[in-house]
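*Asks:* As they're listed, the protein sequences go chains A, B and C. Quick note on the numbering used here: the first sequence kicks off at 1 and runs consecutively. Quick note on the numbering used here: the second sequence kicks off at 319 and runs consecutively. Quick note on the numbering used here: the third sequence kicks off at 631 and runs consecutively.
Calculated directly from the structure, the hints in this document are not laboratory data. Treat the numbers as computed from the prediction; the structure is a model and nothing was measured. Glycine included, every Cβ here is placed at the ideal spot set by N, Cα and C. Among the clues, some could well be false.
If you want the footprint, here are the derived chain C segments under chain B, 3+ residues with CB under 8 Å [to be verified]:
id	stretch
1	654-668
2	680-691
3	725-737
In silico negatives: residues of chain C with every beta carbon more than 10 Å from chain B [what the hints assert, rightly or not]:
id	residue
4	THR636
5	THR760
6	PHE834
With a cut-off of at most 20 Å between alpha-carbon atoms, the simulated EDC-like pairs for lysine to aspartate or glutamate come out as follows [claimed, not checked]:
id	chain 1	residue 1	chain 2	residue 2
7	A	LYS87	C	GLU742
8	A	LYS103	C	GLU758
9	B	LYS450	B	GLU399
10	B	LYS626	B	GLU522
Each chain, letter by letter, is given below.
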Amino acid sequence: MSIQARHISKRFGDFQALDDVSIEVESGSLTALLGPSGSGKSTLLRVIAGLETPDEGEIVLDGEDATGVAPQRRGVGFVFQHYAAFKHMTVRDNIGFALKVRKRPRAEIRARVDELLALVQLQGFGGRYPAQLSGGQRQRMALARALAARPNVLLLDEPFGALDARVRAELRAWLRQLHEETHTTTVFVTHDQEEAMEVADSVVVMNRGRVEQTASPRELYDSPNNEFVMSFVGRANRFGEGWVRPHDLQVTLEPNGSTREVLVDRLVHVGHEVRAELLRDDGERLTLQLTRDEAERLELSAGQIVYVRPTRQTVFSD
Amino acid sequence: MGPFVDGVGWAPPRQGRRERPYAVHMDATEDTASGRPARPGDSRFTMSRAHGLGLRAVALGYLLIVLLGPLSMIFWRIEAEGVGKAWSALTEADTIHAFKVTLILATIAVPLNTVFGVVCALAIVRRPFPGKGLVNAFVDLPLALSPVVVGLSLFLLYGRTGWFGPWLTSHGIQFLFALPAMVLATVFVSVPFVAREVVPTLRELGDEQEQAARTLGASGWQTFWRITLPSIRWAIIYGVVLTTARCLGEYGAVAVVSGSISGRTETATLRVQDYYENLDQAGAYGISLALAGIALVVLVVMTTLKPKEAAA
Amino acid sequence: MWYWITQPEAVAALELTLAVSALVALTNAVFGTVLAWVLVRDDFRGKNVVNAIVDLPFALPTIVAGLLVLALYGPDSPVHVHAAFTRTAIYLVLLFVTLPFVVRTAQPVLHELDTHMEQAARSLGAGERTVFARIVLPNILPGILSGVAMAFARAVGEIGSITLISGNRPFHTEVASVWILNQSQSGNGTGAAAVAVLLLAISFLLLLTIGGLRRLATRHERA
Chain A
1 MSIQARHISK RFGDFQALDD VSIEVESGSL TALLGPSGSG KSTLLRVIAG LETPDEGEIV
61 LDGEDATGVA PQRRGVGFVF QHYAAFKHMT VRDNIGFALK VRKRPRAEIR ARVDELLALV
121 QLQGFGGRYP AQLSGGQRQR MALARALAAR PNVLLLDEPF GALDARVRAE LRAWLRQLHE
181 ETHTTTVFVT HDQEEAMEVA DSVVVMNRGR VEQTASPREL YDSPNNEFVM SFVGRANRFG
241 EGWVRPHDLQ VTLEPNGSTR EVLVDRLVHV GHEVRAELLR DDGERLTLQL TRDEAERLEL
301 SAGQIVYVRP TRQTVFSD
Chain B
319 MGPFVDGVGW APPRQGRRER PYAVHMDATE DTASGRPARP GDSRFTMSRA HGLGLRAVAL
379 GYLLIVLLGP LSMIFWRIEA EGVGKAWSAL TEADTIHAFK VTLILATIAV PLNTVFGVVC
439 ALAIVRRPFP GKGLVNAFVD LPLALSPVVV GLSLFLLYGR TGWFGPWLTS HGIQFLFALP
499 AMVLATVFVS VPFVAREVVP TLRELGDEQE QAARTLGASG WQTFWRITLP SIRWAIIYGV
559 VLTTARCLGE YGAVAVVSGS ISGRTETATL RVQDYYENLD QAGAYGISLA LAGIALVVLV
619 VMTTLKPKEA AA
Chain C
631 MWYWITQPEA VAALELTLAV SALVALTNAV FGTVLAWVLV RDDFRGKNVV NAIVDLPFAL
691 PTIVAGLLVL ALYGPDSPVH VHAAFTRTAI YLVLLFVTLP FVVRTAQPVL HELDTHMEQA
751 ARSLGAGERT VFARIVLPNI LPGILSGVAM AFARAVGEIG SITLISGNRP FHTEVASVWI
811 LNQSQSGNGT GAAAVAVLLL AISFLLLLTI GGLRRLATRH ERA
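For reference, chain A alone in the conformation it holds in the complex (with noise of 0.2 Å):
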């Protein structure tokens, strides 16, 4: 199912969510909503589901208008932040809820919920409570559940916020890959970039109620089209009047004419990676990124005196 979002405007009391934001997801695709808090993705994606009404503009879905149409008729699949799990049903009777709403024969919710329970690793727990579930567990039972009726398109609200580190990335690889067998049209609300980046096809990203840019991630970090895109999607240094990304930073031990000097603060190893925290003259802070050889080959220490130029520079003209 497509989704076109027109125009939509919505404020709660002074605070204006969303200002005039337009969004097209073709069937099909995997959209990230990104930005930080307060920029309006989670109410652009509860506008979509109907679970709130935009002031103004319309919500195209697969080519109709949607816009007064109730969230119990639209055919999505939502997926709560903090899971909004029926708390005093079974893990079976949350995921088997739509269709009994739909009142399908019992047998084929039988069916339809071992499936997903398959689906989403949780044989065995169909009988539990989801008080007696741990984070992961809960949101993997909330997706089988969204997933019961089929849904047309599945939205989801910073669907791994709360839970740890490790379970976020395993779900996140498992939602990709669940899109990629089945290609149900999927968007997320994050305000992490790293997983937008990640998971998603196109990212939508959104600051103050609007829209900053929509690409493909890769577009997103090489092209961006202002410098709130530029430093909240990947790390960027503000160079002068540009700005650099850490890697597009050269590093020798000498001074060479267009170089600055800065003092390395601080060196930090992710994985096979160096990031290096940069002092300049004038105080302001870089950040570089290297490769293990590269910082190896410089002997990178904290406290060492080196000096850095930029091979590549973003200029943005406002």
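With chain A held as given, fit chains B and C onto it using these hints.
*Replies:* For chains B and C alone, coordinates are given in the frame of chain A:
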């Protein structure tokens, strides 16, 4: 243990939290716009406007019939009977004495139960001991008991043919049909309120602050006085208000043990009945108006205190 | 003791008490919940006042309550309803006295209810009635039940408000508490005690049952 004691107390709830619970979506840093109460006509996708208004009508209608209807009768009746007659009944010597008796009972019962309630609450929440469940149930008991049963038990215990009867008569102590029995009855029926307000508050607060105080060198008493007491003071005050209301309104238990002797062991509430049964409607409604006035003050105090109690 | 409990008058009083109290508890279960819902989810001018008024029966002396209900439905009733000295009167006055119970226990649970669950149910296709019946109600039921238990206990033991309005006609409008009062005042301490104990036992039994029901209803919350 008992069905009352699970934190869902009968006392009017911490309504104060309502004052800003839905600020979640107003806060610019919080994105998830949820948790808002569904209102009729708000989102088309919650309850239809008709349903919402219908429900409101049912609720308010019920209140009108059950509560407000009878309430309006006070003024109607006083007007009908004559304000003058009502006033003279109010200022009669025996009536004034009755109010005095009520006041004495309350003045004794309220502080007693306040101290008892706080001590009990502390014991129940902070120092679990064998028999804690029993104490808990005992504190809740007066809420489940008929006041008549309370009065009757006192009667059977302290009456002339009761357990303590002979002992009392041999010492020349007049228990029943006199103040001592009435005090005991009033104290017993108003036991629960302070404890039931303080217990959940203490539980919610947790004892970390008290632990901190002790690591800083405070003695038990200092900790209580400087840390615990200030943090439960609104709960105590609220409990005191409820206790007072209960004492002022007590009827059944005192009716059994006092004999209702005008000018001696009659309380304000007993006097209302006295007037009514003697066909003096004006008097009955006069006193009722006075009592209702006090009740209104109590209600106003309760309403203003609730948010403070909740926020604490 | 057994003798007194089986006296026809006592039995009639007990039956009446239990029947009326059950009816009152049931009425409160329904209307108390409606009131709680409106007070938590709805918004209108004067709602705060309405909320405060609900506490009035707690603050008002019961005998005054009885007197007022008598005034409204008694011989000189301005609305020409003459229900005084009937069982209806007892029912009405008990409704007054027990009004706050279910409302006050249902309100906090309703307030704390995670509306996300309701939204989730809607997104899964549940209509409004289903949302209420399958999601909201099961979660607020423990709250409602404790209120019902308290209302019932209160109704069974209530005396002050009933004294005036019921007329205390034996076998017709005499409730157990009034019977006990009369017996004790006419010197029949034994009889009074016997029935009092029975009343006590009944109350406790029912309260324990409902307490058990509540624990049953919240079993899913114990991990």
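*Asks:* So, for every hint listed, does it hold in this structure?
*Replies:* Going down the list of hints, with the structure as the test:
1. 654-668: holds (count 5)
2. 680-691: holds (count 12)
3. 725-737: Our answer is that it holds, as 8 residues pass the Cβ test (under 8 Å) against chain B, meeting three.
4. THR636: The claim stands: C:THR636 keeps its Cβ more than 10 Å from every Cβ of chain B (closest is about 19 Å).
5. THR760: Answer for C:THR760: holds, closest chain B Cβ roughly 13 Å.
6. PHE834: violated, 7 Å
7. A:LYS87 - C:GLU742: Roughly 13 Å between the alpha carbons, so the hint for A:LYS87 and C:GLU742 holds.
8. A:LYS103 - C:GLU758: Answer holds: A:LYS103 to C:GLU758 is near 15 Å, not above 20 Å.
9. B:LYS450 - B:GLU399: violated, 53 Å
10. B:LYS626 - B:GLU522: holds, 15 Å
The structure fails hints 6 and 9 (numbered hints given earlier, in ascending order).
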